[in-house]
Structure formats: structure tokens, C-alpha cells
Amino acid sequence: MARKPVLFSSIVKPLKAWWQKLFFSVGIVACILFIMLDRGGVGYVKEIRLGLTDAVLPITQTIFHPIKSISNFVDDFTKLSQAHEAARALEIKVRDLQAELIMTQGLLAQNKRLREQTNFVNFPDTKIITGRVVTHSGGPFVKSMLINVGQDNGARLGQAVMSEFGLVGIIVEVAGSFSRVLQITDINSQIPVVTENTRDPAIMAGDNTSLLKLKFMPSDSLVAVGDRIVTSGHGGLLPPDIPIGYIEEIDGPRVIVSSLVDWSRLDYIRILDYRFADDLSQYLNNQSD
Amino acid sequence: MRVVVSQRLFESFKKIIPELSILFLVILSVQPQNLFGNSVISPFLCLSAVFYWSLHRQGRFYVVTLIILGVISDILIGASLGFTPILFLIVFAISSWQKKNVLLKPFHLIWGIFSLVSGLTFLVAWAITSFVSLQYAGVGPFAIQYIMTVISFPILDWLLSHIQRTAAV
Chain A
3 MARKPVLFSS IVKPLKAWWQ KLFFSVGIVA CILFIMLDRG GVGYVKEIRL
53 GLTDAVLPIT QTIFHPIKSI SNFVDDFTKL SQAHEAARAL EIKVRDLQAE
103 LIMTQGLLAQ NKRLREQTNF VNFPDTKIIT GRVVTHSGGP FVKSMLINVG
153 QDNGARLGQA VMSEFGLVGI IVEVAGSFSR VLQITDINSQ IPVVTENTRD
203 PAIMAGDNTS LLKLKFMPSD SLVAVGDRIV TSGHGGLLPP DIPIGYIEEI
253 DGPRVIVSSL VDWSRLDYIR ILDYRFADDL SQYLNNQSD
Chain B
49 MRVVVSQRLF ESFKKIIPEL SILFLVILSV QPQNLFGNSV ISPFLCLSAV
99 FYWSLHRQGR FYVVTLIILG VISDILIGAS LGFTPILFLI VFAISSWQKK
149 NVLLKPFHLI WGIFSLVSGL TFLVAWAITS FVSLQYAGVG PFAIQYIMTV
199 ISFPILDWLL SHIQRTAAV
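Chains as they are written, first to last, in our numbering: chain A, 3 to 291; chain B, 49 to 217.
Careful: at least some of the hints might be erroneous.
To be verified - Among the chain A residues that face chain B by a calculated CB cut under 8 Å, a handful are:
{"hint": "1", "residue": "Ile34"}
{"hint": "2", "residue": "Asp40"}
{"hint": "3", "residue": "Val47"}
{"hint": "4", "residue": "Thr62"}
{"hint": "5", "residue": "Pro142"}
{"hint": "6", "residue": "Ile189"}
{"hint": "7", "residue": "Asp209"}
{"hint": "8", "residue": "Asn210"}
FYI, nobody ran anything at the bench for these hints, they're computed from the structure. Quick reminder that beta carbons are idealized off the backbone N, C-alpha and C, glycines included.
Start from the sequences, fold in the hints, and give me the full structure.
Below you can see the structure in the form of C-alpha cells.
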């Protein structure tokens, strides 16, 4: 009785399937390991991430450049029809602001005189670096963004990032030409704040939605809906009195804050180059040595 | 000669259309002013694309390719490295495992199966997010994105099937 010839494919096919399964298992284990190392703050994982981001970011920008240009052109074209109305509205706004400016100048002069009389120790001057948002995560997993301001432009870890209205987040990763900003709405974000009027201290935490929560409020605090929340400056990382948002809802100990940032139109950002951030990082470096 | 080279290039390009479409959706999802606006949570379109191509592409998806695409997504959204690859691999494993049973089913059943698979994936995503941040992550944003992903699936399926037919992937 003749034996059936063994086909090459009959050996290779199961081998290929086995190889794929092995790769799948190894892939899952490697991913879990990487997540844990990344979470643990292992130095070389951070370096790998920075290196990869540096490599990937220009490619993504190149791919989307033509699409963005077309979309901007269409946007500008549609806005042309509203230009006349917008110009009139701006004229009215400029007149209002000029009136406000006169009042503000008076107040500034008064404030300066009072500071001189009381020998007030001022906070360090804050320089501003302006940049643009390059990527912006819209999912529920993490709330962060990449901006086109890096170490070469003066960005450093811990610096505050603002929109034209309020605090956006804090720089958590810096490379040569870009930085990653952890948004105040991220679940890992915890910022010391105070209520502007009553100066009640609290910690403002994100939960990956557009709303923020106030934690550890004093039980006797007299906060009300509509109160403005600003940074307290405690810890020295952030300058004090940066506006963050308004209290939107109070339900017993649960206080919900609505951010001043318009997340859907966030394009330009400002980095506050605050001197305290440098001092603290130097202090931390000395401690670790 | 030139025709042969360009034909070969086009053939090679056709082979990587599934990967390119996923990459495109990954990049699209992180654009600052994208069509979903970022104020609301946008659908996880690349997950739907992984499901679609795991079922419909001729030949296999390579695990390494999926991991690379997932890592690119992690880099752009700022998640821990390895987070999105796990989600991609789960969808890929289940859909490839049930490929023969699913492919001949009517569309509404495939949609139903996608809603189950993506539901499981979002559950894993929620568990990892809670684990990584060492606190209970609110279920709300995950549920919203899950619903948006499931609702947007037919449109993406139509679009990808159109691309597949045109390019004969």
C-alpha cells in the first residue's frame, strides 16, 4: 500500500497558525508589562516614548497638512460672509474695552501704591510662551495633548498651560520640539485650588469628562454655585490665581466645577514660564542626589 | 519596465490599505479640531476598522502590525504604551477566531457581534484605566464612546467595504 505524499503546505499552515498564536500571547504579555513599567515611571520607558513621539509626530503632521489646509480654506471662505457683522461687533467690543482700560489703569496705579506702602513681596514675574495644539485625545481613556513647544523653546516639566480664558493643564513630558500636557480634566490630574471669594482651599481633580470635581473642601466652607475657582499656588509649581472655572453644581460634599476652557476650539495655548517651577525642580534634583 | 514597477508598487500599496486606513483613523481621532470636536467623546473608529479588516481582508493581519498601530495611537493620545495594542489584539483575536461563522451572516448580525466584541473591549479598557490611575474611573465616558462606536459602525463598514471593492483588497 502506497503512502500518501506529505505536502509542504500541510506542515507550514499549522506552523504559521501556531506562530501567530504565540505572537498574540507574547504581544499581550509585552503590552501588560509595558503598561506596568510606564505606570511605574521607569526611566527608559519614558525615553522610548519620547523618542517614538519625536519620530511619529512629524509624519502625522505631514499626512494631515493638506487636509487641514483645505479645511482651513473652506472655513475662512464661509466666514467671509459674516465678516461685516463680526467687524461691527468687534468695534463695539473695542469701545467697551477702552472704557474698562481707563478704569483698570487707575486700579493698577492704586494697587502699585498700596504695595509700595505695605512692602509687599511680589511673586516672580511670569513669562509667556505661545504655541499650538498638535494632537488632542478625544477618548475617555486619557486626557492629554501634544503641543509644538519643546525644550528648545523654553518649555519645562511642571509648567502651567493656559488657553485665553483659563488653565488647560500641566506639562508632564518635554522633548526638543514638543511637550505633552496633562489636561486638568484627566483622571490623574490633581491641582491645589481655592475659591476666589472665600479662599477655601481644595484639590481639584479630573475624571476624564469635561467637568471637574473639588475634593477635600473644608466642611464649613461657604461656597455657592457660580463661585470662581483659581489656583492656590500651594506647592510652588503653579502660580496663584490662575482662573480654572466656575462652580456648576453643589450636591452635599460633591462639588462640580465647569472649566473655562473651550475644549472643542482649543488651538492656541500659552505656557507660563514661572520661576518657582525651576526652583522646585532644582530642589527635587538635589534631594534625589 | 516602468509599467511593471508601477504595477508592483500599486499591488504592494493595495496590500497595506487595511493598515493605512487604521493609521488614518488613528491620526484623525487626535486632530485638535476634528469633525467630532473633542468637547464630546468621539467614536473609537480605529477599533471598528480593526474588526472590519480582521473579518474581511484577504490573508492575515499580522499581530506585530496591530501592535505597532496601537503603539502609535498610544503615543498620540498619551496613554500608557501597550494600552491600545491590547484592545486591538482582543478584537482581532475574537473576530479572527469566529471569522468563518460570522462572514456569511447578514449585516445586522455582524453589527450585533461587533457590539458584543467592542463591549468587551471597552470593559477591558475601563479596567486598565482604573488600574493605571489607581482609582475608580467613571463608567459614563466609556459608555458614551462605546455607544458612539457601535452607532457609527454601519457608516464605517460601508466606507471600508467601498474602499475594499474599489481597490480589490
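Evaluated hints:
1. Contact between isoleucine 34 (chain A) and chain B, as hinted, is supported at the beta carbon level, the nearest pair being about 7 Å apart and thus within 8 Å.
2. Checking aspartate 40 (chain A) against chain B by beta carbon gives a least distance of about 4 Å; that is within 8 Å, so the hint holds.
3. Because the closest C-beta pair between valine 47 (chain A) and chain B is about 7 Å apart, less than 8 Å, the hint holds.
4. Hint on threonine 62 (chain A) holds. Least Cβ distance to chain B is approximately 5 Å, under the 8 Å limit.
5. Of the supplied interface hints, the one on proline 142 (chain A) holds, with its beta-carbon coming within about 3 Å of a beta-carbon of chain B, less than 8 Å.
6. With its C-beta approaching chain B no nearer than about 5 Å, isoleucine 189 (chain A) sits inside the 8 Å limit, and its interface hint holds.
7. For aspartate 209 (chain A), the suggested interface contact is upheld, since its CB lies about 5 Å from the closest CB of chain B, less than 8 Å.
8. The interface hint given for asparagine 210 (chain A) is met, as the beta carbon of that residue sits about 5 Å from the closest beta carbon of chain B, less than 8 Å.
When the structure is compared with the earlier hints, no violation turns up for any of them.
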